[in-house]
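*Asks:* Sequence:
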Amino acid sequence: MLALAGCNSTGGGNQSGSAPAAVAAADLQAAVRDPRVRRFYEAREWRPVWGEEQERALVSAIGDARRHGLDSRRYLQGLAGAAPAAREAALTLGAISYGEALARGQTDPARVNEIYEIPRPDADVAGGLAAAVEQGNVAQWLAGLAPQDEEYRALSEAYLRWSEAAARAQAPAIRTGDSIHVGDRDARVPAIVAALRTHGYLPAAPPPPPQPAGGKAQAPPPAAAEPTLYTEEAAAAVRRVQEDYGINADGVIGSGTLDILNATARDRARQLAVNLERRRWLPRSAPGTRIDVNTAAAFLDYWREGQLADSRVVVVGQPDWETPALQSPIVRLVANPPWTVPRSIEEEELLPKGEAYLARNHFTRRNGRLVQQAGPESALGLVKLDMGNRHAIYLHDTPSKAGFARAERHLSHGCVRVRDAVGFATMIADHDGKRAQFERALARRNDEGEPQEGSIQLERPIPVRLLYHSVYRDRSGRLLFRPDAYGWDEGVAQALGLPPRQRPPTPRIQGDIGP
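Using the working numbering, read the sequence shown as starting at 732 and increasing by one per residue.
Check before you lean on any hint, since a few could be wrong.
[To be verified] Listed next, with one range per pair, are the computed distances between beta-carbon atoms:
1) Gly858 <-> Arg1232: 49 to 59 Å
2) Arg906 <-> Asp1243: 30 to 40 Å
3) Gly1019 <-> Arg1232: 45 to 55 Å
4) Ser1042 <-> Asn979: 18 to 28 Å
[To be verified] Mimicking SDA-like on lysine to any residue, the simulated pairs with C-alpha atoms at most 20 Å apart in a straight line are:
5) Lys1132 <-> Leu1101
6) Lys1165 <-> Gly1185
7) Lys1084 <-> Arg1063
8) Lys1084 <-> Arg1074
9) Lys1165 <-> Ala1136
10) Lys1165 <-> Asp1151
11) Lys1132 <-> Arg1043
12) Lys1132 <-> Gly1119
13) Lys1165 <-> Gly1154
14) Lys1165 <-> Arg1021
15) Lys1132 <-> Gly1145
16) Lys1165 <-> Arg1074
17) Lys1084 <-> Leu1101
18) Lys1165 <-> Arg1191
19) Lys1132 <-> Glu1108
20) Lys1132 <-> Gly1106
21) Lys1165 <-> Arg1175
22) Lys1165 <-> Ser1186
23) Lys1084 <-> Arg1021
24) Lys1165 <-> Asp1178
Calculated directly from the structure, the hints in this document are not laboratory data. Yeah, the Cβ is synthetic: ideal placement off N, Cα and C, and Gly gets one too.
Using the sequences plus the hints, can you model the full thing?
*Replies:* In structure tokens, the structure reads:
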């Protein structure tokens, strides 16, 4: 990313003081290529904007792009050596493009995600620039276009810290090898302790003792070999690392923990830039009542009238069966839902198991489709929180409860499994004034005493946002990083203009057959 000093080298402005240069309307019309810029000047009757003072303020404001994980050079092109009309048009194009990047993201999420169906902010940036020019507050206006919440600010501050650290020399990567347990001696332990200190999980090493005052400085004694014992103190720090990065917090140093400790400052800055961009894609005002599922970290937050009502872990789609990025409402609660199996799961995973398996697990044919009967052992468990979208994605219960205890919870075929889904659905029904109806639906049985499907429509459908945030701020204010399970960070990074890099494939964890 380019520092502000680099931006100022683009030119010293025109020679007419604070007033815009004398640019003929015909010359300006000929210089404008972008339709947004054309509309801007048509509304101004082709009057120029950028005098020396105004240009200096704009260039300085765009120089602040670094704190947003953006490259200011992208918005300051075509200035060096340009004729007055071309310079005028280039500055306006830069102001509008930078404003749009702050207001709704530099990249189009629909181009970097196979499915992205979450509304983006709809900002009239050209109109806002026109008003800011008239009021003389372009810099303040630009600064106000980015998200203003605490999480965005925390991501921005962390990005600046890691970017500065990336400019310093980086320690060599810790080599892979056998797992290290407390009490083991291993030549890699000193490097691991140094990495824990660098990441802030252990105190910094004490400084060397001062030399005696006066006289000739004494040579330090020969350095003793650094201890290779993996202590409980170091293991406690490793467990904190593992908790913060969403892997099994057992204190054992394996390949996953080494991947975290080997991540460079540049890696962290890159991940933060990507997640800053994702926040800019979102409307600045979220619905007061909603459910946000973070599919990178596999948990959900249920907000009710602006207050956090509930938070719990979930199981989401595994790599190659990713839970898509979309927003759609929960419209009804289905008790004792049967599961109509998608064709792909039927053909690839169920039919090869044979007829005996299908009969034993209560699969039958209905209208040519394979259906699993309702019941506690059904893949949908006892409740489905049905969402209105064209991708057949929804929240649901599951008989596979062990998945919720895992640190890595990308296990499903794309739908979202909710821990204690019955309790969660009951809470939602209660808030909708339909708890009694939902409980009666859960208790429905047919003449043979088998669970029978029943549903209730919600009076107030609840928006659900399926978000992929691989860095996020927890309730205590810590920023937590998560592995890029779906590999989606790389597409955003490249769209931001960051250098491409090879990403190791994420192994698919063998889950069950459920959705």
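*Asks:* Next step is simple, just say for each hint if it's right about the structure.
*Replies:* The hints, checked one at a time:
1. Gly858 <-> Arg1232: 49 to 59 Å: Violated, since glycine 858 and arginine 1232 (Cβ atoms, about 39 Å apart) do not stay within the stated range.
2. Arg906 <-> Asp1243: 30 to 40 Å: Because 36 Å falls inside the window, the suggested range holds.
3. Gly1019 <-> Arg1232: 45 to 55 Å: Given about 40 Å between the Cβ atoms, the range is violated.
4. Ser1042 <-> Asn979: 18 to 28 Å: holds, 21 Å
5. Lys1132 <-> Leu1101: violated, 24 Å
6. Lys1165 <-> Gly1185: OK: lysine 1165 and glycine 1185 at ~13 Å, within 20 Å.
7. Lys1084 <-> Arg1063: violated, 33 Å
8. Lys1084 <-> Arg1074: holds, 15 Å
9. Lys1165 <-> Ala1136: Violated - the C-alpha atoms of alanine 1136 and lysine 1165 are around 31 Å apart, more than 20 Å.
10. Lys1165 <-> Asp1151: holds, 19 Å
11. Lys1132 <-> Arg1043: Holds, at about 13 Å.
12. Lys1132 <-> Gly1119: violated, 26 Å
13. Lys1165 <-> Gly1154: Given pair lysine 1165, glycine 1154 holds - Cα atoms ~14 Å apart, limit 20 Å.
14. Lys1165 <-> Arg1021: Cα-Cα ~18 Å, so holds.
15. Lys1132 <-> Gly1145: Status holds; Cα separation ~17 Å.
16. Lys1165 <-> Arg1074: The given pair, whose Cα atoms are some 34 Å apart, is violated under the 20 Å limit.
17. Lys1084 <-> Leu1101: holds, 13 Å
18. Lys1165 <-> Arg1191: At roughly 11 Å apart (the allowed maximum being 20 Å), arginine 1191 and lysine 1165 satisfy the hint.
19. Lys1132 <-> Glu1108: Satisfied, since the Cα-Cα distance of roughly 11 Å is no more than 20 Å.
20. Lys1132 <-> Gly1106: holds, 15 Å
21. Lys1165 <-> Arg1175: It holds: about 16 Å lies between the C-alpha atoms, which stays within 20 Å.
22. Lys1165 <-> Ser1186: The hint holds at about 11 Å.
23. Lys1084 <-> Arg1021: violated, 40 Å
24. Lys1165 <-> Asp1178: violated, 25 Å
The structure is inconsistent with the numbered hints 1, 3, 5, 7, 9, 12, 16, 23 and 24, although it conforms to all the rest.
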